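Asks: The chain contents come next:
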Amino acid sequence: MRRRSLLRRIAGVTALLIGSTLPYGFISLLAPNQAWPRRNHLRPPGALPNDDAFVSACIGCGLCGEVCPPRCIKFHSRDGGEGGEGGEGGGMGRTEINTPYIDPSVRACSLCGKCMEVCPTAALSPTLRKKVAMGIAQIDRTACYPWVDRGVCGACVTICPLGADAISFDFANIYRPVVGKGCVGCGLCVEICPHPSKPIWILPILTQTDEA
Amino acid sequence: MTPQRSFSISRHLNKLRWLSLSLVFAMLIALPCLHVYQTYVAAHAYDLIAPSEKQFYDVMEALTSPLTNDPATDLDAVKGNTWSGNFWGLKLSDPLAAVGQAAAGMTLYWPFLLTALIPIVVTAFFGRIFCGWICPANFLYELNSNLAAWLQLIGLKTGMRRFDRRIKYVVLAVGLGLSILSGSIMVAAIYPPAIIGRELYYAIAQGGFGVGMVFFAATLLFDFFVSRRGFCRYLCPGGALYSLLGRYRLVRIQRQVQTCNDCQKCNAVCEFELDPWHDGFGQECTNCAACIAICPTDALTFNLRLVDLAPQGPGHLGRQYRREHEHLDRDVDEAAA
Numbered sequence: 001m002r003r004r005s006l007l008r009r010i011a012g013v014t015a016l017l018i019g020s021t022l023p024y025g026f027i028s029l030l031a032p033n034q035a036w037p038r039r040n041h042l043r044p045p046g047a048l049p050n051d052d053a054f055v056s057a058c059i060g061c062g063l064c065g066e067v068c069p070p071r072c073i074k075f076h077s078r079d080g081g082e083g084g085e086g087g088e089g090g091g092m093g094r095t096e097i098n099t100p101y102i103d104p105s106v107r108a109c110s111l112c113g114k115c116m117e118v119c120p121t122a123a124l125s126p127t128l129r130k131k132v133a134m135g136i137a138q139i140d141r142t143a144c145y146p147w148v149d150r151g152v153c154g155a156c157v158t159i160c161p162l163g164a165d166a167i168s169f170d171f172a173n174i175y176r177p178v179v180g181k182g183c184v185g186c187g188l189c190v191e192i193c194p195h196p197s198k199p200i201w202i203l204p205i206l207t208q209t210d211e212a
Numbered sequence: 213m214t215p216q217r218s219f220s221i222s223r224h225l226n227k228l229r230w231l232s233l234s235l236v237f238a239m240l241i242a243l244p245c246l247h248v249y250q251t252y253v254a255a256h257a258y259d260l261i262a263p264s265e266k267q268f269y270d271v272m273e274a275l276t277s278p279l280t281n282d283p284a285t286d287l288d289a290v291k292g293n294t295w296s297g298n299f300w301g302l303k304l305s306d307p308l309a310a311v312g313q314a315a316a317g318m319t320l321y322w323p324f325l326l327t328a329l330i331p332i333v334v335t336a337f338f339g340r341i342f343c344g345w346i347c348p349a350n351f352l353y354e355l356n357s358n359l360a361a362w363l364q365l366i367g368l369k370t371g372m373r374r375f376d377r378r379i380k381y382v383v384l385a386v387g388l389g390l391s392i393l394s395g396s397i398m399v400a401a402i403y404p405p406a407i408i409g410r411e412l413y414y415a416i417a418q419g420g421f422g423v424g425m426v427f428f429a430a431t432l433l434f435d436f437f438v439s440r441r442g443f444c445r446y447l448c449p450g451g452a453l454y455s456l457l458g459r460y461r462l463v464r465i466q467r468q469v470q471t472c473n474d475c476q477k478c479n480a481v482c483e484f485e486l487d488p489w490h491d492g493f494g495q496e497c498t499n500c501a502a503c504i505a506i507c508p509t510d511a512l513t514f515n516l517r518l519v520d521l522a523p524q525g526p527g528h529l530g531r532q533y534r535r536e537h538e539h540l541d542r543d544v545d546e547a548a549a
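Protein chains in written order, with this note's numbering: chain A, 1 to 212; chain B, 213 to 549.
Treat each hint with caution, since some may be false.
[Claimed, not checked] Coverage of chain B stretches by chain A, computed from C-beta distances (three or more under 8 Å per stretch; other residues unrestricted): (1) 296-305; (2) 359-366; (3) 398-412.
[Stated by the list, open to error] Below, a list of computed lysine to aspartate or glutamate pairs in the EDC-like style, where the Cα atoms sit at most 16 Å apart: (4) A:Lys74 with A:Asp103; (5) B:Lys303 with B:Asp282; (6) B:Lys477 with B:Asp510; (7) A:Lys131 with A:Asp165; (8) B:Lys303 with A:Glu117; (9) A:Lys114 with B:Asp288; (10) A:Lys114 with B:Asp487; (11) A:Lys181 with A:Asp165; (12) B:Lys477 with B:Asp487.
Keep in mind that the hints were calculated from the coordinates and are not lab data.
Being a predicted model, the structure only gives us computed values, none of them experimental.
Ideal Cβ placement from N, Cα and C applies to all residues, glycine included.
Turn these sequences into a full structure, and let the hints steer you where they fit.
Replies: Listed below in structure tokens is the structure:
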């Protein structure tokens, strides 16, 4: 008889534990992770370089979005984020729901730095404009208008807030943009690019290790 | 019947509490609106926006222009929600955010943990005052339970199922465990005030609700059809944390047995189904003061004590006490005669 009551108690505790995880499972069910990261999805400026550390530091309060003057910071509000990549780094059931991202092809970051100042956690920390590392711009030279001799443009070079270190012309008077080492990946060039297929995009700098 | 009760502020605290809840909720709606207005100002976009947005701009300008010189910067003074906010430079965060973040990263980041210090100290003194007085989800849950009560008056059946209150502590522990395992703050995803804060922001400034609202709607339905106030009573991880922090709160409601008449209205009105009539407040009490407001004899008052009084027995104005002490009355009468 005693064994039976013990078994019953163990079963009860197990049921309670499973029942208590149900709300968390419900959220994971509602917001499944995307299989692979979208092109042009960046973390806000000043984000922790390691994306796993960023996700575990971000509490999802939305303050960064609420101070953003261009309203470029969006949130993984209907999906669980881009947990597919890396794989090993993220723990089981890792969700990025409510963490911020910037899609510069829609609206780009103006590097004002308000989000880094307002963030209560270590997820975004105040960083000098030139030290920001969101990503680096990539140009498709088989599509960009000047590179395929379809006219002059230079929109990306004109809009760049970081000057010639970040993006400049190949030769004087030839309007072919070339990305330099100073690029921090704010994405204003992507937003301004007039080409419908956006032959300029930002490759996010994300690491899964604690170095960098 | 007492001729005229003297004015006491504690009897009106419940109204004050509704005012506080409404103000917090209104703030959570106003702040995203102000943010959208700020983005228009920052972009000098008045001539570019649609007519409806122009109307919105004009309303916001009329509301804020007496208070600010430069909306783009001045309105940054108050930002955020009850999960984490920034009030004139003072950063405040929910203790659950601090605990959840420490669990998810397995690190202690002091600048953030300190933002939860003031709420923790306030909870240590006043108990679950966040749940009763501030929580924007509690505002909706309480309206929901009032609606259920009204519908029950006209004969509809709503859920009144009871569970074990200790389940929420397990939910908290499991949530923190899952946060450690997954490296993401799982408790944030199911904590209703955090959901309400950010979902209102998503709806106003980001073009629509996210899935958190689906979860919140599910909890509302759970409260309505299964168990009244069920989420707060039995499941909320934040409520569990606040209960633990406020276990030895200094300010608590107490029954004065001399003036109690055993009417049990306090038990009927308590949102958390506590037992004020038998001095059973415990750590779950949110100090919401609804029982104080309804008490016809002002037998319930706030007092400074670290633990509840032991059960004091039937109220001295009640029928049972008088029946038991009839001989005393007789003695008194005889002495007077």
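Asks: Taking the hints in turn, state whether each one holds.
Replies: We went through each hint and held it up to the structure:
Evaluation of the coverage hint for the region 296-305 of chain B: fulfilled, as 5 residues show C-beta separations to chain A shorter than 8 Å, against a requirement of three. Remark: the region 359-366 of chain B is not confirmed as covered by chain A, as 0 of its residues place a Cβ nearer than 8 Å to a Cβ of that chain, below the required three. Residues of the region 398-412 of chain B with a Cβ under 8 Å from some Cβ of chain A number 8, which satisfies the need for three, so the listed coverage holds. A threshold of 16 Å between alpha carbons decides the hint, and for lysine 74 of chain A with aspartate 103 of chain A the separation of about 8 Å falls inside it, so the pair holds.
Under the criterion of a C-alpha separation no larger than 16 Å, the hint pairing lysine 303 of chain B with aspartate 282 of chain B is inconsistent with the structure, at around 22 Å. Restraint check: the Cα-Cα separation between lysine 477 of chain B and aspartate 510 of chain B comes to about 12 Å, which is no more than 16 Å; the hinted pair holds. Restraint check for lysine 131 of chain A and aspartate 165 of chain A: the C-alpha separation of about 13 Å stays at or below 16 Å, so the hint holds. A threshold of 16 Å between alpha carbons decides the hint, and for lysine 303 of chain B with glutamate 117 of chain A the separation of about 11 Å falls inside it, so the pair holds.
At roughly 10 Å between alpha-carbon atoms, lysine 114 of chain A and aspartate 288 of chain B fall within 16 Å of each other, so this suggested pair holds. With a CA separation close to 49 Å, the supplied pair lysine 114 of chain A and aspartate 487 of chain B exceeds the 16 Å bound. About 6 Å separates the Cα atoms of lysine 181 of chain A and aspartate 165 of chain A, which keeps this hinted pair within 16 Å; it holds. Taking the CA atoms of lysine 477 of chain B and aspartate 487 of chain B, the gap is near 10 Å; set against the 16 Å cutoff, the hint holds.
Hint violations for this structure: numbers 2, 5 and 10, all remaining hints satisfied.
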